[in-house]
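K.L.:
Starting from the known structure of chain G, fit chain R onto it as the hints suggest.
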Amino acid sequence: MTQLILLVLEFFKIGLFAIGGGLATLPFLYDLTVTHPDWVVRSQLLDMVAISESTPGALGVNMATYVGNVIAGPLGGVATTIGLVAPSVIIIVIVAKFLERFKDSPIVQNVFYGIRPASIGLIMAAAFVVIKEALMDIPLFSETGSFADLFRIKSIIFGIILYIAMVKFKKHPILYIAIAAIVGNIISF
Amino acid sequence: MKKLLELYWVFCKMGAVCFGGGYAMLPIIQAEIVDKRGWATTEEIMDYYAIGQCTPGVIAVNTSTFIGNKRAGVPGAIAATAGFVTPSVIIIMIISSLLKSFAHITYVERAFTGIRICVAVLIVNATVKLWKSAVKDRIGLVICLAVFAFSAFTDISPVLFVVGSGIAGYVISRWKGADGK
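Chains G and R supply the protein sequences, listed in that same order. Per numbering that gives the first Met the number 0: the first sequence = residues 0 to 188. Per numbering that gives the first Met the number 0: the second sequence = residues 0 to 180.
Note that these hints are calculated values from the structure, not bench results. Quick caveat: nothing in here was measured; it's all calculated off a predicted structure. Be careful, since some hints might not be right.
[Stated by the list, open to error] Covered by chain R, according to a simulated footprint, are these stretches of chain G (three or more residues, beta-carbon under 8 Å):
#1 28 to 42
#2 91 to 102
[Said to hold, decoys possible] Residues from chain R shown here face chain G by an in silico Cβ test under 10 Å; the list is partial:
#3 Leu-4
#4 Tyr-22
#5 Arg-36
#6 Ser-87
#7 Ile-90
#8 Ile-94
#9 Ala-148
Where is the CB? At the ideal position from N, CA and C, for every residue including glycine.
Bound conformation, chain G alone (with noise of 0.2 Å):
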């Protein structure tokens, strides 16, 4: 129980410093190899990395679920999860009741004309990583230096009929997920 206890406090504090997404959990918990060496060794923690990117659901949650469980079962993964969580809902339900009460107000509003174009700047960032990384083959490029090599041509294909099939069918998302993930089985990207 005391341990329980221990793992959501402690990973309240993770949940209360990452600023910045999943990723950004990672360092804290290198920091907890440090901390608490009987709970989880460093090289655990890059196969936790790679369950949760394969997983659905946010990647801080699912490597903070990870390592509650490995640390005490699955009522550790609870009490990690809870622990990463409690920070942001708090944090955001204030900031949402300070929105609510001031949306109206000019400087507000002002604030967010600035706002508005910023977050979809970075999406797009955001998207210009995913994209390289699926569509590009910068490791092969800076070995051959050969522009042939630098575009993966079969997944930009792919990813072009993807495209064009989303924008004219609107289907849910998880049905090209569905469809990409077999695809992927059959043809080698």
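P.N.:
Below, chain R alone, put in the same frame as chain G:
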């Protein structure tokens, strides 16, 4: 109570199909929350994302909390967040106890070569849709492209971009004398 259960269930479904973190959730939020249920507008989702980036915690959780809170107050925030993390907790529990090397199974590895491409395209598609409601004039275009360039090619924290563009938005609106436009 029915509202809370509905929130829990909708976010549970979203959590189960959201591969690749917070940004991958965006197209699913657009489909489920904006288009299908009308629980939030595109503008609101963008504000939530901007705020979710500069407040602590996982972006997907922050966004879930926001939407839940808007729909049903604090209990709604908790229901949405609990729903979103439920599939993660269950799936990770099963995998960590049964399959130590899940990520290295050939089928899973190959499926993900396809899924990664799909997630990239989904995010592009979501960005195109958001673009129309976010970038309304030349100043917006400049802010958007500047943030994109700095964020993609430097390691500057997103917090600075959000705070900086908020200040810029305030100053520019005052200077133009057009409050809230």
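K.L.:
All hints, please: hold or fail.
P.N.:
Cross-check of the supplied hints:
Counting residues of the stretch 28 to 42 of chain G whose beta-carbon sits less than 8 Å from any beta-carbon of chain R gives 0, not enough to reach three: the coverage restraint is violated. With 5 residues carrying a beta carbon less than 8 Å from a beta carbon of chain R, the stretch 91 to 102 of chain G meets the three-residue requirement, and the given coverage holds. For Leu-4/R, the interface hint is violated, the least distance from its beta-carbon to any beta-carbon of chain G being 18 Å, above 10 Å. For Tyr-22/R, the interface hint holds, since its Cβ comes within 10 Å of a Cβ in chain G; the closest pair sits about 5 Å apart.
Because the smallest distance between the Cβ of Arg-36/R and any Cβ of chain G comes to about 13 Å, over 10 Å, the interface hint for this residue is violated. Taken as an interface hint, Ser-87/R checks out: its beta carbon lies about 3 Å from the nearest beta carbon of chain G, inside 10 Å. Residue-level restraint check for Ile-90/R holds (minimum Cβ-Cβ distance to chain G is 5 Å; threshold 10 Å). This hint holds: Ile-94/R has a C-beta 6 Å from the nearest C-beta of chain G, less than the 10 Å allowed.
This hint holds: Ala-148/R has a C-beta 8 Å from the nearest C-beta of chain G, less than the 10 Å allowed.
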